[in-house]
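S.K.: Okay, here's what each chain looks like letter by letter:
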Amino acid sequence: MGFFLETLIGGLMSGMLYSLIALGFVLIYKASGVFNFAQGAMVLFAALAMARFSEWLPSRLGIESKVLANVIAFALAFVVMIAVAWLIERLALSKLVNQEGITLLMATLGISYFLDGFGQTVFGSDIYKIDVGLPKDPIFLMESTFQGGVLVNKEDLYAALIAAALVALLTLFFQKTGTGRALRAVADDHQAAQSIGIPLNRIWVIVWSVAGFVALVAGIIWGSKLGVQFSLSLVALKALPVVILGGLTSVPGAIIGGLIIGVGEKLSEVYLGKYFGGGIEIWFAYALALVFLLVRPQGLFGEKIIDRV
Amino acid sequence: MLYRENGQFKTSYRADLQIFPIAQDRIAIVALLAVAFVVVPLVADQYYLRAILIPFLILSLAALGLNVLVGYCGQISLGTGAFMAVGAYAAYNFFIRVDGMPMLAAVLLGGLCATAVGVVFGIPSLRIKGLYLAVATLAAQFFVDWAFLRITWFTNDAPSGSVGVRNLSVFGLPIESPVQKYLFTLTVVVVFALLVKNLVRSAIGREWMAIRDMDVAAAVIGIRPVYAKLTAFAVSSFVVGVAGALWGFIYLGSWEPAAFSIDRSFQLLFMIIIGGLGSIMGSFFGAAFIVLLPIFLDQALPALGTAVGLRLDTAFVSHVTIMIFGALIVFFLIVEPHGIARLWSTGKEKLRLWPFPH
Amino acid sequence: MEGSVTLKALAGAGMPHRKIGEVILDVQNISLRFGGVKALTDISFDVREHEVRAIIGPNGAGKSSMLNCINGVYQPQQGAITFRGKTFKHMNSRQVAKMGVARTFQSLALFKGMSVLDNIMTGRNLRMKRNLLWQALRIGPAEREENEHRAVVERIIDFLEIQAWRKTPVGRLPYGLQKRVDLGRALAMEPQVLLLDEPMAGMNVEEKQDMCRFILDVNDEFGTTIVLIEHDMGVVMDISDRVVVLDYGKKIGDGTPDEVRANPEVIKAYLGTTH
Numbered sequence: 001m002g003f004f005l006e007t008l009i010g011g012l013m014s015g016m017l018y019s020l021i022a023l024g025f026v027l028i029y030k031a032s033g034v035f036n037f038a039q040g041a042m043v044l045f046a047a048l049a050m051a052r053f054s055e056w057l058p059s060r061l062g063i064e065s066k067v068l069a070n071v072i073a074f075a076l077a078f079v080v081m082i083a084v085a086w087l088i089e090r091l092a093l094s095k096l097v098n099q100e101g102i103t104l105l106m107a108t109l110g111i112s113y114f115l116d117g118f119g120q121t122v123f124g125s126d127i128y129k130i131d132v133g134l135p136k137d138p139i140f141l142m143e144s145t146f147q148g149g150v151l152v153n154k155e156d157l158y159a160a161l162i163a164a165a166l167v168a169l170l171t172l173f174f175q176k177t178g179t180g181r182a183l184r185a186v187a188d189d190h191q192a193a194q195s196i197g198i199p200l201n202r203i204w205v206i207v208w209s210v211a212g213f214v215a216l217v218a219g220i221i222w223g224s225k226l227g228v229q230f231s232l233s234l235v236a237l238k239a240l241p242v243v244i245l246g247g248l249t250s251v252p253g254a255i256i257g258g259l260i261i262g263v264g265e266k267l268s269e270v271y272l273g274k275y276f277g278g279g280i281e282i283w284f285a286y287a288l289a290l291v292f293l294l295v296r297p298q299g300l301f302g303e304k305i306i307d308r309v
Numbered sequence: 001m002l003y004r005e006n007g008q009f010k011t012s013y014r015a016d017l018q019i020f021p022i023a024q025d026r027i028a029i030v031a032l033l034a035v036a037f038v039v040v041p042l043v044a045d046q047y048y049l050r051a052i053l054i055p056f057l058i059l060s061l062a063a064l065g066l067n068v069l070v071g072y073c074g075q076i077s078l079g080t081g082a083f084m085a086v087g088a089y090a091a092y093n094f095f096i097r098v099d100g101m102p103m104l105a106a107v108l109l110g111g112l113c114a115t116a117v118g119v120v121f122g123i124p125s126l127r128i129k130g131l132y133l134a135v136a137t138l139a140a141q142f143f144v145d146w147a148f149l150r151i152t153w154f155t156n157d158a159p160s161g162s163v164g165v166r167n168l169s170v171f172g173l174p175i176e177s178p179v180q181k182y183l184f185t186l187t188v189v190v191v192f193a194l195l196v197k198n199l200v201r202s203a204i205g206r207e208w209m210a211i212r213d214m215d216v217a218a219a220v221i222g223i224r225p226v227y228a229k230l231t232a233f234a235v236s237s238f239v240v241g242v243a244g245a246l247w248g249f250i251y252l253g254s255w256e257p258a259a260f261s262i263d264r265s266f267q268l269l270f271m272i273i274i275g276g277l278g279s280i281m282g283s284f285f286g287a288a289f290i291v292l293l294p295i296f297l298d299q300a301l302p303a304l305g306t307a308v309g310l311r312l313d314t315a316f317v318s319h320v321t322i323m324i325f326g327a328l329i330v331f332f333l334i335v336e337p338h339g340i341a342r343l344w345s346t347g348k349e350k351l352r353l354w355p356f357p358h
Numbered sequence: 001m002e003g004s005v006t007l008k009a010l011a012g013a014g015m016p017h018r019k020i021g022e023v024i025l026d027v028q029n030i031s032l033r034f035g036g037v038k039a040l041t042d043i044s045f046d047v048r049e050h051e052v053r054a055i056i057g058p059n060g061a062g063k064s065s066m067l068n069c070i071n072g073v074y075q076p077q078q079g080a081i082t083f084r085g086k087t088f089k090h091m092n093s094r095q096v097a098k099m100g101v102a103r104t105f106q107s108l109a110l111f112k113g114m115s116v117l118d119n120i121m122t123g124r125n126l127r128m129k130r131n132l133l134w135q136a137l138r139i140g141p142a143e144r145e146e147n148e149h150r151a152v153v154e155r156i157i158d159f160l161e162i163q164a165w166r167k168t169p170v171g172r173l174p175y176g177l178q179k180r181v182d183l184g185r186a187l188a189m190e191p192q193v194l195l196l197d198e199p200m201a202g203m204n205v206e207e208k209q210d211m212c213r214f215i216l217d218v219n220d221e222f223g224t225t226i227v228l229i230e231h232d233m234g235v236v237m238d239i240s241d242r243v244v245v246l247d248y249g250k251k252i253g254d255g256t257p258d259e260v261r262a263n264p265e266v267i268k269a270y271l272g273t274t275h
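If you read the protein sequences in the order shown, they are chains L, X and U.
The numbers in the first sequence follow my numbering, run straight up by one, and end at 309.
The numbers in the second sequence follow my numbering, run straight up by one, and end at 358.
The numbers in the third sequence follow my numbering, run straight up by one, and end at 275.
The set of hints was computed from the structure by calculation and includes no laboratory data.
Owing to the predicted nature of the structure, the values given are computational and were not obtained by experimental measurement.
Cβ coordinates follow ideal geometry from the N, Cα and C atoms, glycine included.
Hints should not be assumed to be uniformly reliable.
[What the hints assert, rightly or not] DSBU-like, lysine-lysine: derived pairs with alpha carbons at most 30 Å apart:
| no. | chain 1 | residue 1 | chain 2 | residue 2 |
| --- | --- | --- | --- | --- |
| 1 | X | 348 | U | 167 |
| 2 | X | 10 | U | 112 |
| 3 | U | 112 | X | 348 |
| 4 | X | 197 | U | 112 |
| 5 | X | 350 | U | 167 |
| 6 | X | 348 | L | 95 |
| 7 | U | 112 | X | 129 |
| 8 | L | 30 | X | 129 |
| 9 | U | 112 | X | 350 |
[What the hints assert, rightly or not] Which residues of chain X face chain L? A few of them, derived with a C-beta cut under 8 Å, are:
| no. | residue |
| --- | --- |
| 10 | 76 |
| 11 | 124 |
| 12 | 130 |
| 13 | 132 |
| 14 | 138 |
| 15 | 149 |
| 16 | 150 |
| 17 | 316 |
| 18 | 319 |
| 19 | 320 |
| 20 | 323 |
Please model the entire structure based on the sequences and the hints provided.
M.R.: In structure tokens, the structure reads:
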């Protein structure tokens with residue numbers, strides 16, 4: 001039973017990480033109706049920036065304090081992501097405004113390739129470390145109930161808390177601020193929003209910057225856990241089933257979808273994997289998404305998709 | 001002045017409905033085929049045949065298959081690599097396990113297996129479209145990836161799914177040397193291109209395009225969306241499966257599941273987007289572009305580097321290649337979303353008027 | 001209205017009006033709801049063979065929804081439709097097409113990516129029998145079939161006078177010509193009943209006269225029963241044999257144009273006071 005709980009909690013933790021990436025997808029889709037295939041590449045790019053900056057700053061500027069170096073690196077990385085957002089909007093999005101969905105999808109795919117290559121050209125392609133002071137030691141819970149206790153990674157716990165805080169922040173942003181309202185208007189109908197004077201371009205830069213921020217946080221957490229490497233962008237492909245489950249337009253859906261996928265993956269791998277020769281983690285998430293697509297395509301919390309005649 | 005239809009009157013519908021109604025086009029295509037079948041084998045060296053022309057031809061075939069599904073029928077698929085894999089591994093199994101199975105038959109049977117898998121994974125298209133369908137096809141990709149890696153029956157218990165074939169022949173003629181491989185591939189590709197072209201200009205092609213353009217109106221005319229979509233998946237997967245079998249048998253010789261990964265799926269999608277959706281020629285243009293670009297950059301970038309005094313290592317070059325790749329995709333989508341095929345047909349329109357301005 | 005006399009003259013000039021036959025289409029107590037919105041409430045009317053039946057009413061009265069029910073695009077919650085004696089509670093689009101009912105759409109549901117010729121050829125799809133394999137080879141029977149249907153489509157193109165644009169992608173044509181292609185596609189199905197949803201919307205007087213001529217010719221030469229939604233009162237009063245009037249999803253009038261014109265309910269809801 002203890003083992004089951006450990007697997008469960010492990011699944012929840014990895015699910016939380018998926019949710020972070022899925023959040024970026026949902027944000028951009030909610031605000032611009034564009035499905036951003038490049039989210040994974042953004043995570044990698046942001047993580048690379050953070051990793052390299054936190055390395056360069058101490059050596060170049062002689063900053064002693066690790067915390068200070070990390071904070072400055074974070075700020076710098078965020079500025080870089082804003083620049084990326086602005087460039088994407090100016091060079092790609094604004095020129096493709098009226099194209100069909102598949103064209104925009106392909107464009108974000110192209111952007112994804114570009115960021116991949118660019119990031120590795122500028123920042124290098126070794127595996128880099130991020131150390132933001134997240135404690136890495138495990139803790140043991142419920143030692144009285146289960147023998148030896150249930151092993152939980154402190155790092156994962158912190159990651160979960162940070163993700164929760166991020167979601168709360170974003171929900172507040174969308175519901176309470178003027179910009180948030182404008183973003184929701186744009187997501188509903190581009191032309192209508194434009195006709196009441198909402199500056200589409202600026203909104204899109206804001207959205208992609210926020211998504212960039214989320215990507216940065218996700219990148220730091222993932223990178224801190226796994227090291228910053230190329231496979232990070234492939235993780236984004238895992239986030240797709242998450243948004244299908246949760247609903248493309250729902251922030252809480254991204255969280256819950258991520259948790260379900262995370263738990264489901266771990267549990268199925270541990271308990272069902274032996275019947276299939278192992279490795280079913282690869283497609284479990286997608287199989288689940290497929291079921292949802294056939295039964296309830298809008299996901300758990302998304303808006304119903306209406307096809308008009 | 002040269003490229004005009006003056007004097008070319010069609011007196012029967014048959015004549016009007018030819019694939020190349022303009023005489024100049026017919027001459028050009030015959031010349032192209034003559035060059036491809038006769039001149040190239042005599043003149044081209046092994047490297048060009050093996051590393052450029054053969055992969056170009058096979059990928060064109062795969063792009064052609066994908067274009068049927070995405071370009072003509074409007075159903076998005078990100079799982080093309082999976083269907084290629086099914087074609088390759090199925091053909092392998094038929095070839096290895098059945099005594100005396102001719103290679104050509106094995107390849108075609110591999111294609112049929114890919115058809116079956118394609119139809120199954122096409123079923124979601126009856127309920128969902130667009131991005132959601134893309135995710136469903138990704139499920140196919142990852143599932144097939146895993147299947148050929150872990151289910152050892154498929155790979156004759158080979159470790160990590162890598163298999164190989166030898167002693168290929170067609171009707172008694174050996175297919176060993178690059179020239180033989182090239183001619184065989186060329187023949188297959190030309191035949192398939194003709195068959196697919198016939199399909200897209202007949203009733204089924206119109207059904208596919210009707211579903212793509214407006215499926216509600218299509219239903220009212222009596223077109224069955226189920227039949228149209230599933231036949232699109234079936235035909236597309238068959239062609240892609242055959243291409244996959246050729247990729248494994250002819251080009252690679254021995255392969256593993258990674259040869260048909262999601263990167264391959266993306267690559268094929270890029271080919272038809274850049275080449276032109278809904279265009280047979282576009283598939284060839286796109287394949288040429290995507291095959292030639294990395295080779296070109298491989299040569300050009302280091303040369304550029306030495307010109308400015310930098311020595312660029314291969315890792316750097318490969319990263320920059322990916323970068324330029326991505327940038328070009330976006331560029332093409334902005335400048336000509338209908339692909340090279342549209343540029344080509346616009347060019348021909350201008351050529352019809354040349355040298356007059358309008 | 002000026003022009004209306006000319007239409008009648010065009011229509012009646014020397015050509016006998018088809019004899020109107022028995023009831024071919026019978027709509028019984030159709031009710032249609034979208035969530036909380038009632039689009040149609042208890043609508044009943046019949047259509048006789050070879051006649052021109054108009055459906056009129058203010059915007060939002062439910063006219064297009066009615067056609068959509070007949071076509072199987074919408075499934076009504078209540079009621080039934082009888083076609084040639086066979087009653088259906090739910091119409092299936094393909095079934096309806098096979099039974100010989102064709103339609104045009106208010107918002108032109110043409111296949112933008114295809115040429116005029118190909119668009120009209122799709123109307124022949126139900127009649128093309130050769131399977132995939134034959135089509136891929138395109139020899140013998142498959143080729144003959146394609147050519148036969150091409151001949152039929154060319155006659156329709158001649159009839160609608162759009163020969164010059166047969167190879168043009170429809171997306172590039174002006175609105176009036178697109179409307180003709182829409183009609184052509186419906187005609188290609190050789191229908192017994194033709195449902196026309198505002199075929200003259202957005203046209204000027206000359207285009208309307210052309211369209212009227214086409215519709216009347218179809219009715220006269222082929223005996224096709226026409227069910228027509230139209231806003232232009234002059235056209236409706238001139239060419240229809242009988243009229244149904246809808247308002248807010250309910251039927252408020254049914255009869256010959258003169259009867260409907262005199263109906264006080266209809267006047268109140270729709271025609272307004274004479275100017």
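S.K.: Regarding the hint that residue 316/X lies at the interface with chain L, is the smallest CB-CB distance below 8 Å?
M.R.: With a minimum Cβ separation of about 7 Å from chain L (threshold 8 Å), the hint on residue 316/X holds.
S.K.: Would the pair residue 197/X and residue 112/U pass a check requiring their Cα atoms to be no farther apart than 30 Å?
M.R.: Holds: residue 197/X and residue 112/U sit about 20 Å apart, inside 30 Å.
S.K.: Would the stated hint for residue 138/X survive a check requiring a Cβ distance to chain L of less than 8 Å?
M.R.: holds, 6 Å
S.K.: Take a quick look at whether residue 350/X and residue 167/U sit within 30 Å of each other, Cα to Cα.
M.R.: This hinted pair holds, its Cα atoms lying about 18 Å apart.
S.K.: Taken at face value, is the distance from the CA of residue 350/X to the CA of residue 112/U at most 30 Å?
M.R.: Distance ~23 Å between residue 112/U and residue 350/X Cα, so the pair holds.
S.K.: Holds or violated: residue 112/U with residue 348/X, Cα cutoff 30 Å?
M.R.: holds, 22 Å
S.K.: Can you verify the interface hint for residue 149/X: is its Cβ closer than 8 Å to any Cβ in chain L?
M.R.: holds, 7 Å
S.K.: Using the nearest Cβ pair, does residue 124/X come within less than 8 Å of chain L?
M.R.: holds, 6 Å
S.K.: Within 30 Å, alpha carbon to alpha carbon, are residue 30/L and residue 129/X?
M.R.: This hinted pair holds, its Cα atoms lying about 19 Å apart.
S.K.: Regarding the pair residue 10/X and residue 112/U, is the alpha-carbon distance no greater than 30 Å?
M.R.: holds, 26 Å
S.K.: Just to be careful: measuring from the Cβ of residue 319/X to every Cβ in chain L, is the smallest value less than 8 Å?
M.R.: Residue 319/X check passes; min Cβ-Cβ to chain L is 4 Å, inside 8 Å.
S.K.: Any CB of chain L closer than 8 Å to the CB of residue 320/X?
M.R.: holds, 6 Å
Figure legend: structure checked against the earlier numbered hints; every hint is met.
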